Amino acid sequence: MLRRWLGFPALILYSALLAVAALVPEIRPGPLDRPWGFAYSLLKTVGVMPGIPLFQNQHGDDEKWRAQCIKVRADGPGGARADLFPPDLVCQKSGLRLSMPPIEHGIFHMLEQAWSYELALRRAPSAADEERRDRLLGRLGAYFCRREDGPFSTIRLIWYAYRTSYRTGAETKKSQLHYGYACASGRIVDERWFPSNRELARFWGEDPWE
Amino acid sequence: MKRAPIEAVYRWYFDPQPMQPLVIARIVFGLCIFSAHVVRIPYVENLYGPSGLVGPALYHGLRPPIGYLDPIIGGWLASFVPEPGSGLTVFLFGALLVASLCFAVGFWTRLSGLVTLALFAYFVRLRIPFAYWGWAIFMMPLLLYVIAAPTGRFLSVDAWLARRRSGEGPRPLSEWRAPGWPLRLMQIHLCTMYFVAGWSRIDEAGWLQGQVVFNAVNHTLFSRLTIDWQPWKPLLSIGNWVAFVLEPVAPLLLWLPRIGVWWAYLLIAMHVGLELVTNIGMWSYLMVVLLTSFLPTAHLDAALRLLPGVSEVRTNR
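For the record, the sequence lines run as chains C and Z.
Under the working numbering, the first sequence has 76 at position 76, and the numbering climbs by one with no breaks.
Under the working numbering, the second sequence has 1004 at position 4, and the numbering climbs by one with no breaks.
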């Protein structure tokens, strides 16, 4: 009885929510936008995703990602410098990589999330996105400030993107993000999005990986 | 007469179905969670502890609200979860390892499954989602379907202990049956996954120009082997088109007699190929397991008989 009058309708409802929430905008008729929004939000609230749009935002530009490398350098109170990340101070741009080290994975995705807030800010200024971006970067900076080999006064982080031409195979590099974080005040003190190569070279050298 | 379609749908959900796909899912999901976390043992403090990447506070609040109810329910749930000290983090992490292994082998199956789900959700959603690929988020409801099914009755320590008490022999594979609704939810969820993945790329230039598999293998973030892939572009382009065609139509074709089985095998081959060249966490294992729900039971039985303890239970008693 319970199965027929409670379980069965619940299954029908849940299945319908899954089906409606899976209607991606590319093919969704306009009148279904609101039902989709409701179903998607309701499911996501309880941690259910109908699906994940894998390998999305694939543009047809000639430049393709090759590697994204992160380097973190700390300044000590006496002016001493220490390279904190990656542990082997190597950026892997080619070769065999059976799995991605979990810490690198976490740092990279935190930066990617901060970067998505930055891009949103460029489209439409928003105090909330700015706060989220800074909070994420702040937590990342604080993580390096807490390192046992400290104390440090400033953390500087650079995220470099290396790309390949699909047509010719030629490689290019570009700084994706660079920021400085003051350990004492817990604030981001020096942030430059897309700094010039000259600005970067002044701090990191011509190429921080070579 | 009017009630016939409703009755048919009711039977579709509740009539007994083979539990083989769910038993396989229990074992593989448990092992996926276990192995994904075993390799994180050296990084427990750095990933999840109070001095780790996201700091002592719970992750909730770092991202924008994701739904109408999320700020209310998410905030309310997070208020019950203690912020982690180092000792608590290590304890919970150890408990996740033990629970996921118990779930895989079917020891106290439902309880270990629920503990696994709760702790997995804690580490992924409340501590650091950045340290996982999409598979971890996607797996959670699927894990719940498997927990809901009586998989502990088959190919499990629980079943072995029960047999020792009763003195009965192992259940034949033909008796691995139970109400089908967890299997149906798994099948529906697999279809919505392919629908989202397949149709969200339908107008994207990278896919339409056949470049996406090249993008994946060329990028050290995804690729297991980053070499000069330029000479392989024509072959990689074929891989692009195979995925472009296989996935969007899967939610329809998987249900068709005969074609569905072939389509499931083609998708399995695609995921195995992806697993060989790309580095995307447990995604391929997850999808292959879900696809077994569309394979004939005889094929799954043939594979299960390769396992010790199953080989001698070919026939019905």
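Keep in mind the hints are simulated off the structure, nothing from the lab.
Owing to the predicted nature of the structure, the values given are computational and were not obtained by experimental measurement.
Possibly wrong hints are sitting among the right ones.
[To be verified] In silico SDA-like cross-links for lysine to any residue, where the CA-CA straight-line distance does not exceed 20 Å:
1. C:Lys93 x Z:Gln1230
2. C:Lys71 x C:Gly7
3. Z:Lys1233 x C:Thr168
4. Z:Lys1233 x C:Gly95
5. C:Lys93 x Z:Tyr1145
6. C:Lys44 x Z:Tyr1122
7. C:Lys44 x Z:Tyr1145
8. C:Lys93 x Z:Val1277
9. Z:Lys1233 x C:Gln58
10. C:Lys44 x Z:Val1217
11. C:Lys71 x Z:His1219
12. Z:Lys1233 x Z:Tyr1265
13. C:Lys174 x Z:Leu1221
14. C:Lys44 x Z:His1219
15. C:Lys71 x C:Ser15
16. Z:Lys1233 x Z:Ile1259
17. Z:Lys1233 x Z:Val1288
18. C:Lys173 x Z:Val1217
19. Z:Lys1233 x C:Tyr166
20. C:Lys173 x Z:Ile1227
21. C:Lys44 x Z:Ser1079
22. Z:Lys1233 x C:Lys44
23. Z:Lys1233 x Z:Val1245
24. C:Lys44 x Z:Gly1134
25. C:Lys44 x Z:Ala1121
26. C:Lys174 x C:Asp61
27. C:Lys44 x Z:Ile1137
28. Z:Lys1233 x C:Leu32
29. C:Lys173 x Z:Leu1221
30. C:Lys173 x Z:Phe1222
31. Z:Lys1233 x Z:Gly1260
32. C:Lys71 x C:Glu104
33. C:Lys44 x C:Leu11
34. C:Lys44 x C:Ser15
35. C:Lys71 x C:Glu191
36. C:Lys44 x C:Arg34
37. C:Lys173 x Z:Gln1230
38. C:Lys44 x Z:Phe1222
How the hints compare with the structure:
Restraint check for Lys93 of chain C and Gln1230 of chain Z: the C-alpha separation of about 15 Å stays at or below 20 Å, so the hint holds. Taken as a hint, the Lys71 of chain C and Gly7 of chain C pair is broken in the structure, with Cα atoms around 53 Å apart against an allowance of 20 Å. For the proposed pair Lys1233 of chain Z and Thr168 of chain C, the alpha carbon gap of about 12 Å is at most 20 Å, so the pair holds. A hinted pair counts as satisfied when its Cα atoms are at most 20 Å apart, and Lys1233 of chain Z with Gly95 of chain C qualifies at roughly 18 Å.
Between Lys93 of chain C and Tyr1145 of chain Z, the direct Cα distance comes to roughly 41 Å. Violation of the 20 Å bound is thereby established for this hinted pair. A distance of roughly 16 Å separates the Cα atoms of Lys44 of chain C and Tyr1122 of chain Z; the hinted pair therefore holds under the 20 Å criterion. At roughly 17 Å between alpha-carbon atoms, Lys44 of chain C and Tyr1145 of chain Z fall within 20 Å of each other, so this suggested pair holds. For the proposed pair Lys93 of chain C and Val1277 of chain Z, the alpha carbon gap of about 16 Å is at most 20 Å, so the pair holds.
A C-alpha spacing of about 16 Å is found between Lys1233 of chain Z and Gln58 of chain C, which places the hinted pair at or below 20 Å, so the restraint holds. A hinted pair counts as satisfied when its Cα atoms are at most 20 Å apart, and Lys44 of chain C with Val1217 of chain Z does not qualify at roughly 31 Å. Taking the CA atoms of Lys71 of chain C and His1219 of chain Z, the gap is about 18 Å. The hint holds against a cut of 20 Å. A distance of roughly 25 Å separates the Cα atoms of Lys1233 of chain Z and Tyr1265 of chain Z; the hinted pair therefore is violated under the 20 Å criterion.
With a CA separation close to 16 Å, the supplied pair Lys174 of chain C and Leu1221 of chain Z stays within the 20 Å bound. In summary, the hint linking Lys44 of chain C to His1219 of chain Z is not supported, as the alpha carbons are separated by about 30 Å, beyond the 20 Å threshold. With a C-alpha separation of about 46 Å, the suggested pair Lys71 of chain C and Ser15 of chain C falls outside the 20 Å cut-off, and the hint is violated. For the hint pairing Lys1233 of chain Z with Ile1259 of chain Z, the CA-to-CA distance comes to about 30 Å; that exceeds 20 Å, so the pair is violated.
Proposed proximity of Lys1233 of chain Z and Val1288 of chain Z is contradicted: the alpha carbons are some 26 Å apart, above 20 Å. The hinted pair formed by Lys173 of chain C and Val1217 of chain Z meets the criterion: a straight-line CA distance of about 18 Å does not exceed 20 Å. A threshold of 20 Å between alpha carbons decides the hint, and for Lys1233 of chain Z with Tyr166 of chain C the separation of about 9 Å falls inside it, so the pair holds. Distance hint between Lys173 of chain C and Ile1227 of chain Z is fulfilled; the C-alpha atoms sit about 17 Å from each other, no more than 20 Å.
The hinted pair formed by Lys44 of chain C and Ser1079 of chain Z meets the criterion: a straight-line CA distance of about 19 Å does not exceed 20 Å. Distance hint between Lys1233 of chain Z and Lys44 of chain C is unfulfilled; the C-alpha atoms sit about 38 Å from each other, more than 20 Å. For the proposed pair Lys1233 of chain Z and Val1245 of chain Z, the alpha carbon gap of about 18 Å is at most 20 Å, so the pair holds. Proposed proximity of Lys44 of chain C and Gly1134 of chain Z is supported: the alpha carbons are some 14 Å apart, at most 20 Å.
Between Lys44 of chain C and Ala1121 of chain Z, the direct Cα distance comes to roughly 13 Å. Compliance with the 20 Å bound is thereby established for this hinted pair. Among the hinted pairs, Lys174 of chain C with Asp61 of chain C is consistent with the structure: their alpha-carbon atoms are about 16 Å apart, no more than 20 Å. Taking the CA atoms of Lys44 of chain C and Ile1137 of chain Z, the gap is near 10 Å; set against the 20 Å cutoff, the hint holds. Annotation: proposed proximity of Lys1233 of chain Z to Leu32 of chain C is violated, straight-line Cα distance about 39 Å (limit 20 Å).
Our distance criterion of 20 Å between C-alpha atoms is met by Lys173 of chain C and Leu1221 of chain Z, whose separation comes to about 16 Å. Restraint check for Lys173 of chain C and Phe1222 of chain Z: satisfied, since their Cα atoms lie roughly 18 Å apart, inside the 20 Å limit. For the suggested pair Lys1233 of chain Z and Gly1260 of chain Z, the alpha carbons sit about 30 Å apart, so the restraint of at most 20 Å is broken. Taken as a hint, the Lys71 of chain C and Glu104 of chain C pair is honoured in the structure, with Cα atoms around 10 Å apart against an allowance of 20 Å.
At most 20 Å may separate the alpha-carbon atoms for a hinted pair to count; Lys44 of chain C and Leu11 of chain C meet this at roughly 17 Å. In summary, the hint linking Lys44 of chain C to Ser15 of chain C is supported, as the alpha carbons are separated by about 14 Å, within the 20 Å threshold. The suggested pairing of Lys71 of chain C with Glu191 of chain C holds, with an alpha-carbon distance near 15 Å, which does not exceed 20 Å. As the CA atoms of Lys44 of chain C and Arg34 of chain C are separated by approximately 15 Å, the hinted pair is consistent with the 20 Å bound.
Restraint check: the Cα-Cα separation between Lys173 of chain C and Gln1230 of chain Z comes to about 18 Å, which is no more than 20 Å; the hinted pair holds. In summary, the hint linking Lys44 of chain C to Phe1222 of chain Z is not supported, as the alpha carbons are separated by about 26 Å, beyond the 20 Å threshold.
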